[in-house]
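Chemist: Please put together the full structure from these sequences, using the hints given.
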Amino acid sequence: MFFSSRTVINFSAFIVLFLLCAATASAHFKLNLNVRILHVEHRSDGLNVYMRLPMPYLVAHLLGEADKNGLPTPAPYTSNRLEDGLLVHYVDVQQLKHSTDGLALLAKQGLDLAVDGKYIDAKVEGFRVYQNGLQPDFATLDDAKKSFEIEPLFDSFDRGVYVGDTTVDVLLRYTSESAVYNYALSSKLNPGLPDQDETANLILDYSPSGVQVFRARGLLSEPVVVTRSVFDAVVTFIKEGVKHILEGLDHVLFVICLVLGAMHLKPLLWRVTGFTIGHSITLSIGFFGFVPTATWFVPAVEMGIALSIIYVALVAVLPDFKPGWQQKKNEWTVVGVTSLIGLLHGLGFSFVLQNILQITSPNIWQSLVAFNVGVELGQLLIVIVAVLVFYLISLLGESATKINRTIVAGLCATIASYWVIERGSSVLANI
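For the sequence shown, my numbering begins at 1 and goes up steadily by one.
A hint or two may mislead.
[Stated by the list, open to error] Label-pair distances were calculated between CB atoms; the ranges are:
| hint | residue 1 | residue 2 | range |
| --- | --- | --- | --- |
| 1 | D155 | G289 | 27 to 33 Å |
| 2 | G218 | L87 | 23 to 29 Å |
| 3 | L96 | L428 | 38 to 44 Å |
[Said to hold, decoys possible] Below 25 Å or equal to it, Euclidean Cα-Cα: the simulated BS3-like pairs (lysine-lysine) are:
| hint | residue 1 | residue 2 |
| --- | --- | --- |
| 4 | K97 | K108 |
| 5 | K108 | K123 |
| 6 | K145 | K97 |
| 7 | K123 | K146 |
| 8 | K322 | K266 |
| 9 | K118 | K108 |
| 10 | K108 | K188 |
| 11 | K146 | K108 |
| 12 | K97 | K123 |
| 13 | K188 | K239 |
| 14 | K402 | K322 |
| 15 | K108 | K145 |
| 16 | K123 | K145 |
| 17 | K118 | K188 |
| 18 | K123 | K188 |
| 19 | K266 | K402 |
| 20 | K97 | K146 |
To be clear, the hints were calculated from the coordinates, so they are not data collected in a lab. Where is the CB? At the ideal position from N, CA and C, for every residue including glycine.
Modeler: In structure tokens form, the structure reads like this:
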């Protein structure tokens, strides 16, 4: 049975409720930069780990009990204030200037590294604190090393900086009796922050045999096993591509309507092929930044994606109301438009990829291709499931098929229409 209207509406309501809850929680500690990067350098006697992560990860869970004034005891290296009735948290610059050892210790204790199942203790070799926007580059191992050559400066914190707008860099040295070939990284940090499960974790392993990139999402509570296999590194980005398209409701609805409107296998193959070619092109173009940088551009693309859902939904039901419409010339028009729409969706994919992979990262093309393959596999999975479901419904007769087509297309178009209004408002606000 295909998604009922009640199921989709309940799902949408859940998403709205989740976002509202997240907005309420963010009145406490905010996670404004939701990325954790680890550069792992191999040495003959162990590993050096250069890690960058948001400061809230280290302190948010250490907020104390309420005092006589009703305010909680500040977490280490922070101070509390009330702004417009909301509790907010600033970096305590005096504690930073006195010593950053306590904060560095929290970073060290939060990361676990195991070799052959045995955890290795680390020594803190360097620690830096930066206001977001003022931190040096951290895309490569050389960048990471240079960040620790800069003298610690806390002048920007004198003006008052939110904890959520602060990034920390830590250099940890793990000593072993011999060279380390395979290891597992995990984190004990669970700060209870909004969207912490969406944290993008990028692990770059620099061994004598080359550089590998590994990707994980969330708290890193489950160990990420790093091996010398390039295959393992590629698999992480394939998984991310699959996950993105399956979790992107707008992309899912588009593919469903694409299948819904193709009455035979051949038209379906042409439409899917055109869409695939289109988004493969702009996935790379958008990722490398060959697109406008104006603030209105991203919401404009997202609005275009919503409009594309309405288009394919109308195409899906048009033959039911206009017999003979699905002629060869009209079909090729749909294929052409679908290819152009693919260009639009590719830009949407590229925005996500930019959040989890940096242009200057090693093995950039392998990671880019792997992500694209993951998107294709996720798209293929949606197509297969939709084809099977619609085929089973077609066994009930032509009347049931038309009713199903009308309901599904109408529901998808309704949701997309809401997105058009919402995203269109964002475009206007940024012009």
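Chemist: Next step is simple, just say for each hint if it's right about the structure.
Modeler: Taking the hints in turn, this is what the structure says about them:
Checked against the hint of 27 to 33 Å, the pair D155 and G289 passes, with Cβ atoms roughly 31 Å apart. A hinted range of 23 to 29 Å for the beta carbons of G218 and L87 is consistent with their spacing of about 26 Å. The hinted window of 38 to 44 Å between L96 and L428 holds, with their beta carbons roughly 41 Å apart. With a C-alpha separation of about 20 Å, the suggested pairing of K97 with K108 holds against the 25 Å cut-off.
Note on K108 and K123: the hinted pairing holds, with a Cα-Cα distance of about 8 Å set against a maximum of 25 Å. With a C-alpha separation of about 22 Å, the suggested pair K145 and K97 falls inside the 25 Å cut-off, and the hint holds. With a CA separation close to 19 Å, the supplied pair K123 and K146 stays within the 25 Å bound. Straight-line distance between C-alpha atoms of K322 and K266 comes to about 21 Å, which keeps the hinted pair within the 25 Å bound.
Between the alpha carbons of K118 and K108 the distance comes to roughly 17 Å, so the proposed pair stays at or under 25 Å and holds. For the hint linking K108 to K188, the alpha-carbon distance of about 10 Å falls within 25 Å, and the restraint holds. The straight-line distance between the Cα atoms of K146 and K108 is roughly 20 Å, inside the 25 Å bound, and the hint therefore holds. Between K97 and K123 the alpha-carbon distance is near 21 Å, which keeps this suggested pair within the 25 Å criterion.
The hinted pair formed by K188 and K239 meets the criterion: a straight-line CA distance of about 23 Å does not exceed 25 Å. Annotation: proposed proximity of K402 to K322 holds, straight-line Cα distance about 13 Å (limit 25 Å). With a C-alpha separation of about 18 Å, the suggested pair K108 and K145 falls inside the 25 Å cut-off, and the hint holds. Restraint check for K123 and K145: satisfied, since their Cα atoms lie roughly 16 Å apart, inside the 25 Å limit.
Simply put, K118 and K188 have alpha-carbon atoms about 16 Å apart, close enough for the 25 Å limit, and the pair holds. For the suggested pair K123 and K188, the alpha carbons sit about 17 Å apart, so the restraint of at most 25 Å is met. Between K266 and K402 the CA atoms are separated by roughly 20 Å; this keeps the pair inside 25 Å, and the hint holds. For a cut-off of 25 Å, the pair hint linking K97 to K146 stands: about 21 Å separates their Cα positions.
Of the numbered hints listed earlier, not one is contradicted by the structure.
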